[in-house]
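**Student:** Residue numbers (the working numbering), protein chains in the order written: chain C, 63 to 299; chain G, 21 to 261.
Hints were generated in silico from the structure; no laboratory data involved.
Computed from a predicted structure; not experimentally measured.
Even for Gly, the Cβ is constructed at its ideal location relative to N, Cα and C.
Just so you know, not all the hints are guaranteed correct.
[Stated by the list, open to error] Once the Cα atoms are required to be at most 25 Å apart in a straight line, the calculated DSS-like pairs of lysine-lysine come out as:
1) G/K117 <-> G/K143
2) G/K241 <-> G/K224
3) G/K140 <-> C/K213
4) C/K199 <-> G/K235
5) C/K195 <-> G/K143
6) C/K297 <-> G/K35
7) G/K23 <-> C/K297
8) C/K206 <-> G/K73
9) G/K106 <-> G/K73
10) G/K23 <-> G/K129
11) G/K235 <-> G/K47
12) G/K241 <-> G/K227
13) G/K198 <-> C/K217
14) C/K213 <-> C/K156
15) C/K297 <-> G/K140
[What the hints assert, rightly or not] Some chain G residues near chain C, calculated using beta-carbon distances under 10 Å:
16) G110
17) G115
18) Y146
19) G239
20) S242
21) A243
22) I247
23) A248
[Claimed, not checked] Here are a few chain C residues that face chain G, going by a calculated C-beta distance under 8 Å:
24) P90
25) D92
26) E218
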Amino acid sequence: MKKILGFIIIFIIWYFISFIYHQQIPYPHDVIINFFNIFPEQLLEPTLESLSLLLTGLILSVLVGIHIGMYMGLSSRVNQIIDPIVYSIYPIPKSALVQVLIVIFASMFWMKTTLIFIIVVFPVIITVKDAVKTIPKEVFYHAKSLSLNKKEMYKEILFPAILPNLLSTLRISIGTSIAVLYLSETRGIGSGLGYYIDSHVVVNNLNMFTGIFELSLIGYLLFIGIDILEKRWCKWI
Amino acid sequence: MIKMNNLNFSYEENKPVIRHINLELDKDEKISIIGRSGCGKTTILLLLAGLLKPVSGEILINNQLLLDVRRQTGMIFQNGGLFPWKTVYGNCSLGLKARHTPKKEMDHKIDQVLDNLEIKHLKAQYIKNISGGQKQRVAIARTLVLDSDVLLFDEPSASLDAFTKENFQDLLLSIYEKYPLCSIVVTHDIEEAVYLGQKIIVMKDGKMDEIIDNKKLFGDKSAKKSIAFYEKCIEVRKRLE
Ligand SMILES: Nc1ncnc2c1ncn2[C@@H]1O[C@H](COP(=O)(O)OP(=O)(O)OP(=O)(O)O)[C@@H](O)[C@H]1O
Ligand SMILES: [Mg+2]
Numbered sequence: 063m064k065k066i067l068g069f070i071i072i073f074i075i076w077y078f079i080s081f082i083y084h085q086q087i088p089y090p091h092d093v094i095i096n097f098f099n100i101f102p103e104q105l106l107e108p109t110l111e112s113l114s115l116l117l118t119g120l121i122l123s124v125l126v127g128i129h130i131g132m133y134m135g136l137s138s139r140v141n142q143i144i145d146p147i148v149y150s151i152y153p154i155p156k157s158a159l160v161q162v163l164i165v166i167f168a169s170m171f172w173m174k175t176t177l178i179f180i181i182v183v184f185p186v187i188i189t190v191k192d193a194v195k196t197i198p199k200e201v202f203y204h205a206k207s208l209s210l211n212k213k214e215m216y217k218e219i220l221f222p223a224i225l226p227n228l229l230s231t232l233r234i235s236i237g238t239s240i241a242v243l244y245l246s247e248t249r250g251i252g253s254g255l256g257y258y259i260d261s262h263v264v265v266n267n268l269n270m271f272t273g274i275f276e277l278s279l280i281g282y283l284l285f286i287g288i289d290i291l292e293k294r295w296c297k298w299i
Numbered sequence: 021m022i023k024m025n026n027l028n029f030s031y032e033e034n035k036p037v038i039r040h041i042n043l044e045l046d047k048d049e050k051i052s053i054i055g056r057s058g059c060g061k062t063t064i065l066l067l068l069a070g071l072l073k074p075v076s077g078e079i080l081i082n083n084q085l086l087l088d089v090r091r092q093t094g095m096i097f098q099n100g101g102l103f104p105w106k107t108v109y110g111n112c113s114l115g116l117k118a119r120h121t122p123k124k125e126m127d128h129k130i131d132q133v134l135d136n137l138e139i140k141h142l143k144a145q146y147i148k149n150i151s152g153g154q155k156q157r158v159a160i161a162r163t164l165v166l167d168s169d170v171l172l173f174d175e176p177s178a179s180l181d182a183f184t185k186e187n188f189q190d191l192l193l194s195i196y197e198k199y200p201l202c203s204i205v206v207t208h209d210i211e212e213a214v215y216l217g218q219k220i221i222v223m224k225d226g227k228m229d230e231i232i233d234n235k236k237l238f239g240d241k242s243a244k245k246s247i248a249f250y251e252k253c254i255e256v257r258k259r260l261e
């Protein structure tokens, strides 16, 4: 119910702006109608491409980030080795990264996936590491006295302990990665939803806004997905 | 049942925390350990639980050298150490699950223990939703379901208010009646030490030199307001100084 109210507010503001700048900014209902009209022929393909990039990058970075983060959290030696690497790569401006990756990768798909990977993996590593470190030592003591094996240790202790923080970080990272995905899709040989939006800036205003509309829709759905996971897995919070 | 022979331990070199402890406890014995902050009380419990390794000397439990954690030794930590991501039931079942106990047997056992500790109604609750006293009970329950024969309590009532504390102490005594246990209660509280220990061990600087016999007053609720109880407290207090 509250979510619907949120949408209503967005649309009211949008209508208001469109009313003032009706030459440049189309009305919401026009965009939505246009969305359903052009989706099968024009939007489906770039959407699938962008979405598969985004998801591949996100999944890879979560898998890798959890492992590295846990090792760092559990062993101070591993932490000391990896810490400088993480902290020195993390602050590099993302747009500079795009340039570097374009040079390195022949495949555009892997260039963009790697970009998303790099953007998401570091926050994930840092979050997981910190979350592991805040587990009270008594929890480890008890786990040890139960003689849990490695698999049980991960499944019953470490994974549930980091999950809430991991999901918050993902929520933040999704926003950034969509923004950067757009950036990368407009560089070099463009493709995907970002390119679609960019190439319609001059040609077709309505289609451009429809593309933007979809991009934010994708972001919204990903957020909702994370909310659902949180409700299901983090009842204890 | 528990035997410590010339036990020594230090976290850092040349800073001994446990020094030359020799002590023997019977199968059914309940003792309390009292001592000032930093004298090594938590450390000695961790050693007895097999969670720390002695630097020298040895610990024998049931005539067996203690080399690793022992499934029947349960430790109840100062702050609970419960798993917040699990329900009360989940906290109790993990140890049994790790031992591949059949579900039916597991549930039966957990129900029984939770019932004995008067927290069966909290079975499906997450840890954040239960009170401090109830958390301590869950911490006990999750070790009792594993058929423990040694219980180690690290300041179990330190964070409880006076009334809950009394409740907790009486609960502990009722557990002693239901389950045959060797139990060690570490505490800051002199009255608690006298109420809950057949022997009171005064620990100082990692040593356990003073052992006060307390068979008469142990667990005797009616004696709690007596002169003898009061005198005992004063005796313990003097030895602490
Ligand atoms: N992990 C550790 N590393 C180094 N020194 C430690 C560690 N844990 C405890 N110590 C030191 O060992 C000594 C004994 O600690 P311990 O925790 O056993 O004391 P305690 O009697 O339980 O104190 P309290 O009543 O405050 O809980 C203290 O001087 C403490 O500073
Ligand atoms: Mg302590």
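**Student:** It remains to establish, for every hint, whether it holds in the given structure.
**Tutor:** Here's how the hints hold up against the structure:
1. G/K117 <-> G/K143: The hint holds at about 16 Å.
2. G/K241 <-> G/K224: 28 Å, violated
3. G/K140 <-> C/K213: 30 Å, violated
4. C/K199 <-> G/K235: This hinted pair is violated, its Cα atoms lying about 35 Å apart.
5. C/K195 <-> G/K143: 29 Å, violated
6. C/K297 <-> G/K35: Status violated; Cα separation ~44 Å.
7. G/K23 <-> C/K297: Not satisfied, since the Cα-Cα distance of roughly 44 Å exceeds 25 Å.
8. C/K206 <-> G/K73: Holds, because 14 Å separates the two Cα atoms, which is no more than 25 Å.
9. G/K106 <-> G/K73: 30 Å, violated
10. G/K23 <-> G/K129: Since the Cα atoms of G/K23 and G/K129 sit roughly 30 Å apart, the hinted pair is violated (cutoff 25 Å).
11. G/K235 <-> G/K47: 15 Å, holds
12. G/K241 <-> G/K227: 30 Å, violated
13. G/K198 <-> C/K217: Given pair G/K198, C/K217 is violated - Cα atoms ~34 Å apart, limit 25 Å.
14. C/K213 <-> C/K156: Judged against 25 Å, a Cα distance of about 36 Å means the pair is violated.
15. C/K297 <-> G/K140: 20 Å, holds
16. G110: Holds: closest Cβ of chain C sits about 9 Å from G/G110, inside 10 Å.
17. G115: The hint holds - G/G115 has a Cβ within 10 Å of chain C, the shortest such distance being about 4 Å.
18. Y146: 4 Å, holds
19. G239: Cβ of G/G239 sits 27 Å from chain C, so the hint is violated.
20. S242: 36 Å, violated
21. A243: With a closest approach of 34 Å, the G/A243 hint is violated.
22. I247: 39 Å, violated
23. A248: 37 Å, violated
24. P90: Since the shortest Cβ distance to chain G is 42 Å, the answer is violated.
25. D92: 48 Å, violated
26. E218: 6 Å, holds
The structure does not agree with the numbered hints 2, 3, 4, 5, 6, 7, 9, 10, 12, 13, 14, 19, 20, 21, 22, 23, 24, 25 stated previously, though it agrees with the rest.
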